[in-house]
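> Listed below, chain by chain, are the residues.
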Amino acid sequence: MNATAVNQSDCPEVKVPVPIFFTIGIVSLAENLLVVVAVIRNRNLHAPMYCFICSLAAFNTIASLTKTCETLMIVFADVGQLVKTGSSEQKLDDVMDSLLCMSFVGSIFSFLAIAVDRYITIFHALRYHNIMTMRRTGAILGVIWTTCGVSALLMVRFFHSNFIMICFVIFFVVSLVIICFLYVYMFMLARIHARKIAALPISNGGNSRHQRWRGNSMRGALTLTILFGAFMVCWMPFFIHLIIIMVCPMNPYCECYRSLFQLHVVLLISHALIDPAIYAFRIAELRRTFRKMLLCSDWRRYA
Amino acid sequence: MSGTDSPNSTSASPISDYEWRYEYYDEEEPVSFEGLKAHRYSIVICFWVGLAVFVIFMFFLLTILTKTGASQPDSMAQPCEKRHRLIDYMDTELNNRVRPPHSSGLDSSCSLFKCYVSKEGQLSPRALWTTGRGASGGCHRRPSSSLEGEDGILLQELAVAANRTEKEGILLAHFSIPNCVNSDQSSSVVDNEQLLGDPELPVTPEGWDQSAVNHSDHNDFHAPRKSAGL
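Chains A and B, in that order, give the protein sequences. Residue numbers for the first sequence follow our numbering, beginning at 1447 and rising by one. Residue numbers for the second sequence follow our numbering, beginning at 143 and rising by one.
The set of hints was computed from the structure by calculation and includes no laboratory data. Since the structure is predicted, the reported quantities are computational estimates derived from the model, not experimental observations. Possibly wrong hints are sitting among the right ones.
Facing chain B, a subset of chain A residues (Cβ under 7 Å, in silico) [what the hints assert, rightly or not]:
| id | residue |
| --- | --- |
| 1 | Cys1457 |
| 2 | Pro1458 |
| 3 | Thr1514 |
| 4 | Arg1637 |
| 5 | Ala1667 |
| 6 | Tyr1699 |
| 7 | Cys1702 |
For the chain A half of the interface with chain B, some residues (derived, Cβ under 7 Å), not all of them [claimed, not checked]:
| id | residue |
| --- | --- |
| 8 | Asp1456 |
| 9 | Thr1671 |
| 10 | Gly1675 |
| 11 | Pro1698 |
| 12 | Tyr1703 |
Quick reminder that beta carbons are idealized off the backbone N, C-alpha and C, glycines included.
So here's chain A without its partners, still in its complex pose:
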């Protein structure tokens, strides 16, 4: 079938080499597993904010693991070791699809949770420890994981129904809007305050503070752009793909977009690769824990 399409179609499917999938999968698996282990081992990191980052890393770990296994199975199937239409293979494939859906939905929920947590940290700082207790964090994480599990089962069960895909897309768009709003709001109000501080008529150190504020503001703008930009660049193509499947399956332009499906999947799983760099590795305490873990020194301090 695909051979026919390739011969006749001007938009052949773009195939991504299997080693790329493997590399991205294994590296992101290692990174995210490191984050999860570090947060669990270090008692200083048993706080709501780090729990959400750990949950994000856990979802990314599941995604990378599942994607790597799926790639492995495809390789075996191409070689001929596995029967593609066998029932056990199909069941295994369903399980892997469920896990992938679960981790995607969970990642988005975790981003939302991290954004809301940072929002509360900034704007309700004095009441933060009352609003975001560890018990509530545990409850929130429980709800997130349960919802992800249930929605993953539903998604895989009823994938051929357009309704599920529409729900998925709407969920993504709503999360995107909320995350964008929260971060930009935090950024703007922080700027207003920082600007007013920097504008104070202080005799000494005024200029240096002003410069420092400008430098920090630029860094903050860059951080926010990277955070949000990476989210959009990695997730949008896949969701546009889903929309296109539903809206214009027969259109030649849409066909050319859909021929890039493997590239979009690569982008999606590469987000699991860069998530630790954006969220986890920026936290000094986590970096310190990694260094201790990787250098295998001073375990007992963090036990």
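Once you have looked at the hints, place chain B on chain A.
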């Protein structure tokens, strides 16, 4: 193109097989590519160009937000000045040094106090240093009994806070300059890098609420004055 020339290949990939090869979209009739007006990858190009424009636009918007109003002179009352000096120290502390309370909490937590004290000159550094020495390291909860007003509340909270990150959060929340700056009441002064990159803000170990303000063995905080910056 217009028909399925090889029905074998079409039937060779039933629905159940699509996960393996990402080919599910080719189940129906192949798409006709004749008579295309625009380039065939136009949707792809438009999408990526739009995304790039959006991200760059967002970045420039954010940088413009940082630049506008940066040079506005503001005639603030003098008491705000000392508070903001402290904020600079806080910014530096948060960005540069964060130590885990268990390992070297004494140094980092008390260095913040030291900055506070040395700048304001109202409290004895030694008093605060001794406050920090607890049984198990790190600045322990030491509620003060002789504090007054807003300063008193702040220092009380600081004394009661169990670790450095809590103290930072409290300081940050307090130094939202409600009197000096006409701003949102729920906002706090936050360094941007710390906001988005290194959120070391209030981290509450469990059991904080239960055990707070119960320890009265040390009362090394002496009453700060109004001019202490608050």
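> Confirm or reject each hint.
Hint by hint, here is what the structure shows:
no.: 1; hint: Cys1457; result: 6 Å, holds
no.: 2; hint: Pro1458; result: 11 Å, violated
no.: 3; hint: Thr1514; result: 15 Å, violated
no.: 4; hint: Arg1637; result: 6 Å, holds
no.: 5; hint: Ala1667; result: 4 Å, holds
no.: 6; hint: Tyr1699; result: 5 Å, holds
no.: 7; hint: Cys1702; result: 5 Å, holds
no.: 8; hint: Asp1456; result: 5 Å, holds
no.: 9; hint: Thr1671; result: 4 Å, holds
no.: 10; hint: Gly1675; result: 4 Å, holds
no.: 11; hint: Pro1698; result: 5 Å, holds
no.: 12; hint: Tyr1703; result: 5 Å, holds
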